[in-house]
Amino acid sequence: MKVVVLLSAGRHPVSGLGALPRLEAQAIRLGAALGPMRGLHAGPDAEAVAEALGRGLSEIDHVALGAGADPVPALAAALRAAAPDVVLAGRRGQGGDETGLVPYALARALGATLIPDVIAARPGSEPGVIEVEQALPKGAARRLVVRSPVVLTVHSAAPEPRPYAFGQVRRGRIEPLAVSAPEEPAAVAIAEKPYRARPKMMRGAPAGGSAADRLKAATGGGEAVQADVMVSPEPREAARAILAYLRQVGVLPPPARAG
Amino acid sequence: MTYALPALVFVMVALATVQTLRRAAWWRLGAAAPVAWGAGLLALPKRYLVDVHHVVARDAYASRMHAVVAGGLLAATLLAALAALPPLGGSRIYWAAVALAFGVTAAGAVLVGARRYPKRPKRLSGGGFQILPVLLLAYAFGGLAAALLLAFGVASAPALVAAVALAAGGGLGLAYEVRSGPMRHAVAGALHLIAHPRPRRFDGGAPDAALVALDLDAPRLGVETPADLAWNRLLSFDACIQCGRCESACPAFAAGQPLNPKRLIQDLVAAATADERAYAGSPYPNARDVAAPTEPLFRVIGEGARIHPDTLWSCTTCRACVEECPMMIEHVDAIVSLRRHQTLELGAVPAKAAATLDNLRAAEELGGRPLAARVDFAAGAPLPVIGEREVDVLLWLGEGAYDLRYGRTLRALVKLLNMAKVDFAVLGAEERDTGDLARRLGDEATYQTLARANVATLARHRFKRIVTSDPHALHALRNEYRAFGATYEVVHHTAFLLELVEQGRLAPGALGGASVTYHDPCYLGRYNGETEAPRKLLDRLGLDRVEMARHGRRSMCCGGGGGAPVSDIPGDARIPDLRMAQAAETGAGIVAVACPTCTAMLEGVTGRTAEVKDIAELLLASVEAGR
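Just so you know, the protein sequences line up as chains A and B, in that order.
Position 125 (the first sequence) corresponds to 125 in my numbering; numbering is contiguous.
Position 117 (the second sequence) corresponds to 117 in my numbering; numbering is contiguous.
Since the hints were made in silico from the structure, they are not lab data.
Just to be clear, a hint being listed does not mean it is correct.
From the derived model, a few chain B residues whose C-beta atoms are all more than 10 Å from chain A [said to hold, decoys possible]: (1) P6; (2) F10; (3) A39; (4) R64; (5) V110; (6) V269; (7) G302; (8) G380; (9) G387; (10) E585.
Below, computed lysine-lysine pairings styled on DSBU-like, alpha-carbon distance capped at 35 Å [as the list claims (entries may be wrong)]: (11) B:K352 x A:K138; (12) B:K122 x B:K46; (13) B:K352 x A:K2; (14) A:K138 x A:K216; (15) A:K200 x A:K216; (16) B:K464 x B:K415.
Glycine included, C-beta positions come from ideal geometry on N, C-alpha and C.
My request is simple: use the sequences and hints to build the entire structure.
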């Protein structure tokens, strides 16, 4: 299975010095389980991503672009030529002028499926199929089976990146890659505005009624909850209440009908 | 029959020479190293009689034992060989002298035996070492009997034959043991003293403790197999007599972490030798399972190799083992060169250490915090940042400045400097980490990057000298940055404050009543030989100073050096707990410290009864009490 990791020229969030985004370092570790892997970077300076060589990547293709040029056409052309089964990227950029949209734009250009927030990936049971684990909010995760080609963006809950090894940077290779793609300045579709606090909408909250009613409905409070509270009940009574609750939530089957 | 003993000596010397040459084949597997043979040979008597015996004498019994047995053995063997000369061989007075020398050897051999039998101390190795007194006794008593027979002119051929046979049994055994037995330490030790990789440590000045800079363009970085070590390092490991003084001094060993310096050295010997005898000393505490391959010169570190990585990462680089080693072996150099390979070539560092190294590389600070925040500890106190003007003192703040607890110490220091009207300034946001931690963790690349950046920064500013409260920074700036062509006068804050007190610029009052014990930071005491200034300063404060059993150059580490806190190898106890227990034994109410790492480690001990205070804090309290 052929794997390409997209590398970006990130910055350390505090010092502002050039650094490989942590998510991309995690992507390298994740991709190592899938098959032979190459890095791909489009930008003015290949040295910006040399750190990836110390994280377990041995080869990087570098598409030279002018500063401020849109990397998507060049990356899409390079990926069309390489035709990898899996393209890995971080779920967001780090410190550079990334939009976080590059993986989406590439997936559209390549006609590939995009699975965001991946924390693990392994080859599936048949060729051309990949099993991925996707992080969901609140620590949940789900397993998906996808058919290649696929673009995976890596979530920060993926395994820790491999420690940096200086000696491996010396042995790694960065190869210039020529692609025929129009070089055009990145479309700046982003406008900066000062932050404005907005009211937070509560999902599922009823529109009518008094404020107290809406709060009760939204927080699940109210008499219905209090009715379930039993103070020093008889053991038999308590057992009955517990059984009734367990039946209600479906842990126990409904009582068998007598006779 | 007068030729029997000289003949035996010649055979012994020949056998020992053959055995040495066989062993030398292993030393030659090591990498080339520059050795000043002439100077080393000339310096050998002084290195042996002064430097080695200075260390040996710390164990009075061992010292007397070794002087008697080694002196007697050499004298008796030499005198017996000279009996080959006709006028001497016929002289009964001469044989009496030979008998006396063998008698001394015999007394020494008894001392050797008495130390090992019936019960040998835990730190000594058994195995082949238990045979040593037997061989010595046979050689000494055989030689004594033969020389006495000749001295008294007893012409009993069977008696003489029996005596010489006994001497031959012991003597040839000793000579045979030169290749892989206990007697290897004598030959390898002498050669090691001549070809020592750090000849400057015998010069009598400050300790020679700076690590050697690594050539980052070398084909292989660090030490993977024993053959990557310089040949005189392999030789130095053969000098080990397995006396176990290193393991008694090692803080990681005491804490039950899987490190035993003696075992480590023996593992390195065994990793370079096909038929090394089995090790018979104390093991690594809580030894991790390894699957050691049988072939020599395989990679040394790894779960599938001879030494488990946890052993390597347990070391605090405190140099206690180096300080205690009577054979002048440099354990810490070996550990750091092994770590360099793990970190630089394999990227096999403990996870928490890897995160710290990432911060050092990308943020030039080990917590990934903004460099400008380093001066936040001052909390509004006057703290001049260096500008165009030349200042007398550049105050190097170090990593401790980010620590809330250590901020108190630095505020005290800054207040004292202001009180004494010292013309000082800090680098502010231009100060980066010195790279000390990266270097001890084997990340020489990051260290060199940081060191070059710091040297360039310092070259832009004008100052007379650097004062720092961090002995790790002091060691880097003073000793290790020399490799980058930078020489600074670096003063530890305790020495600088003592100077101010002695000049009358600070007037300490008496802090009566309290008793204090001073904990020497390894990087100040053992690495830089500075143990007196802090004590003199404490004595000026009117405190009742008591010493822990381990103090000065022989102090015990707080557990905070060498990246041990970030490697975090589990053991049975924590090193700072052990050290605070030692401090509690003195009954002192205050443990005086002089290092941000020691402060953090010792103050982190739970249930401690003593207060942990930096000397700057104590001095400030005393100066304020005196007003």
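Comparing the hints with the structure gives:
| no. | hint | in the structure |
| --- | --- | --- |
| 1 | P6 | 57 Å, holds |
| 2 | F10 | 52 Å, holds |
| 3 | A39 | 35 Å, holds |
| 4 | R64 | 50 Å, holds |
| 5 | V110 | 55 Å, holds |
| 6 | V269 | 26 Å, holds |
| 7 | G302 | 15 Å, holds |
| 8 | G380 | 23 Å, holds |
| 9 | G387 | 23 Å, holds |
| 10 | E585 | 40 Å, holds |
| 11 | B:K352 x A:K138 | 25 Å, holds |
| 12 | B:K122 x B:K46 | 31 Å, holds |
| 13 | B:K352 x A:K2 | 32 Å, holds |
| 14 | A:K138 x A:K216 | 24 Å, holds |
| 15 | A:K200 x A:K216 | 17 Å, holds |
| 16 | B:K464 x B:K415 | 20 Å, holds |
The structure agrees with every numbered hint stated previously.
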